[in-house]
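Enquirer: Those sequence lines, one after another, are chains A and B.
Its first residue numbered 1, the first sequence is counted upward by one per residue in my numbering.
Its first residue numbered 115, the second sequence is counted upward by one per residue in my numbering.
Calculated from the structure, these hints are not laboratory results.
Quick reminder that beta carbons are idealized off the backbone N, C-alpha and C, glycines included.
Take the hints with a grain of salt, since some may be wrong.
[Said to hold, decoys possible] FRET-style restraints, in silico, Cβ to Cβ:
1. A:70 <-> B:177: 43 to 53 angstroms
2. A:15 <-> B:186: 35 to 45 angstroms
3. B:166 <-> A:14: 33 to 43 angstroms
4. A:77 <-> B:123: 38 to 48 angstroms
5. A:111 <-> B:123: 18 to 28 angstroms
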Amino acid sequence: AQSVTQLGSHVSVSEGALVLLRCNYSSSVPPYLFWYVQYPNQGLQLLLKYTSAATLVKGINGFEAEFKKSETSFHLTKPSAHMSDAAEYFCAVSDLRNTDKLIFGTGTRLQVFP
Amino acid sequence: DTAVSQTPKYLVTQMGNDKSIKCEQNLGHDTMYWYKQDSKKFLKIMFSYNNKELIINETVPNRFSPKSPDKAHLNLHINSLELGDSAVYFCASSQVSSGQVYTGELFFGEGSRLTVL
């Protein structure tokens, strides 16, 4: 069965610092992978997705993620954090039996300090 | 216009009561979902409907009954509410139809926070 593991439930960075949020996946076949962001009291919003094309995926708000098959990872990065990036971030993998079903990780809360 | 809208946004009720949450999407999508997010932010799918047909039912207690009168609406009715039902319930939609390229993008509503006392 597919699954994702997000290492670190909380990540804190200073404004302007590099953001790195970790996600490892488990899948017997090449997966589709996603990062979603949830701002306070809002629903989730797609940041970016990997669907077996380019391994380096660029998303909205300056975020990007790299699919590394050898490491079964799909870490999310941003070169310079903004205060507005403070949110909960979820990694997700599609269930290959039901491609419209997403399996979410437990989330990582990003805090950005001035 | 809100793409996926849910009502009510907040719901506080007593154990044993029955309550409903409504969801509507104006994106023209074929597939709608209910997700439950618990107090630890863990998000898990409950149901999905494609063109009013139930596709996914993730071992949810039968006290939870989804209903899709048309492909733009998916409501969730919960009978005999329990303390453990307290959570945020998210409705979502996506365009997943046979013959279409899978995008994997879900569009979420803002959530309905249910508190059972």
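Enquirer: Hint by hint, say whether it matches the structure.
Expert: Here is how each hint holds up against the structure:
For residue 70 (chain A) and residue 177 (chain B), the Cβ-Cβ distance of about 45 angstroms falls inside the hinted range of 43 to 53 angstroms, so the restraint holds. A beta carbon spacing of about 41 angstroms between residue 15 (chain A) and residue 186 (chain B) agrees with the range 35 to 45 angstroms that was offered as a hint. For residue 166 (chain B) and residue 14 (chain A), the Cβ-Cβ distance of about 50 angstroms falls outside the hinted range of 33 to 43 angstroms, so the restraint is violated. For the hinted restraint 38 to 48 angstroms between residue 77 (chain A) and residue 123 (chain B), the CB-CB distance of approximately 33 angstroms leaves it violated.
Checked against the hint of 18 to 28 angstroms, the C-beta distance between residue 111 (chain A) and residue 123 (chain B) comes to roughly 25 angstroms, which is consistent with it.
Hint violations for this structure: numbers 3 and 4, all remaining hints satisfied.
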